[in-house]
Each structure stands twice: as structure tokens, then as C-alpha cells.
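All chains, please: the whole structure from these sequences, using the hints.
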Amino acid sequence: MAEERRLVLRYNPGQFTFRHFNHGASDTQLYNLARQLNSFQEDEVAQIVKIRTILFG
Numbered sequence: 002m003a004e005e006r007r008l009v010l011r012y013n014p015g016q017f018t019f020r021h022f023n024h025g026a027s028d029t030q031l032y033n034l035a036r037q038l039n040s041f042q043e044d045e046v047a048q049i050v051k052i053r054t055i056l057f058g
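Residue numbers (our numbering): 2 to 58.
Source of the hints: derived by calculation from the structure; they are not laboratory data.
If you're wondering where the values come from, they're calculated on a predicted model, not measured in any experiment.
Some hints could be false.
[What the hints assert, rightly or not] Pairs of lysine to any residue residues, derived as SDA-like cross-links and limited to a Cα-Cα distance of at most 25 Å, are as follows:
#1 Lys51 with Asn23
#2 Lys51 with Glu5
#3 Lys51 with Gly15
[As the list claims (entries may be wrong)] If you anchor each label on the Cβ, the simulated ranges turn out as follows:
#4 Lys51 with Asn13: 13 to 23 Å
#5 Glu4 with Glu43: 27 to 37 Å
#6 Pro14 with Gly58: 31 to 41 Å
#7 Ala3 with Ser40: 27 to 37 Å
#8 Ala3 with Glu43: 29 to 39 Å
#9 Met2 with Glu45: 30 to 40 Å
The C-beta atom is built at its ideal place from N, Cα and C for all residues, glycine as well.
This is how it looks when you write it as C-alpha cells:
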């Protein structure tokens, strides 16, 4: 069983997805990372989402 995590910053319209980050990071650390990444954007982020996918097989 493999697991994949993604951090998604959603805007109106559009989104940025990040897959290559420290997977041991806590939810708070990921939120802080998303806020820091957003500080480089003109638009305010509408949603910060952590997606966890588990692959069976």
C-alpha cells in the first residue's frame, strides 16, 4: 500500500499543486508553507487543501 500526499492552493480561478515536500510535515507546517507560497501571488488563496491518496494493490 503506497500513499501520496499533495498540497493544493486553490484560487478563483485556478490552482497550484505541490507534491515534492517533506511528507513528515505536520498540518500546521503545511498550512504555514501554503501561506508563505501564497505571499508571492497577487490573488488571495481561496482554499488550502491537503489531499491524501492511498494506492491499494
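Structure-based check of each hint:
1. Distance hint between Lys51 and Asn23 is fulfilled; the C-alpha atoms sit about 13 Å from each other, no more than 25 Å.
2. Of the supplied pair hints, the one linking Lys51 and Glu5 holds, its CA atoms being roughly 11 Å apart against a limit of 25 Å.
3. Distance restraint check for Lys51 and Gly15: the Cα-Cα separation of roughly 16 Å lies within the 25 Å cut-off, and the hinted pair is therefore satisfied.
4. Between Lys51 and Asn13 the beta carbon distance is about 20 Å. The supplied range of 13 to 23 Å therefore holds.
5. A C-beta distance of roughly 34 Å is found between Glu4 and Glu43, which places it inside the suggested range of 27 to 37 Å.
6. Our hint of 31 to 41 Å for Pro14 and Gly58 holds, since their Cβ atoms are close to 34 Å apart.
7. Between Ala3 and Ser40 the beta carbons are some 32 Å apart, a value that agrees with the proposed interval 27 to 37 Å.
8. Judged by the Cβ atoms, the range 29 to 39 Å given for Ala3 and Glu43 holds: they are separated by roughly 37 Å.
9. A hinted range of 30 to 40 Å holds for the C-beta pair Met2 and Glu45, which are about 37 Å apart.
Violated hints are absent here; each numbered hint is respected by the structure.
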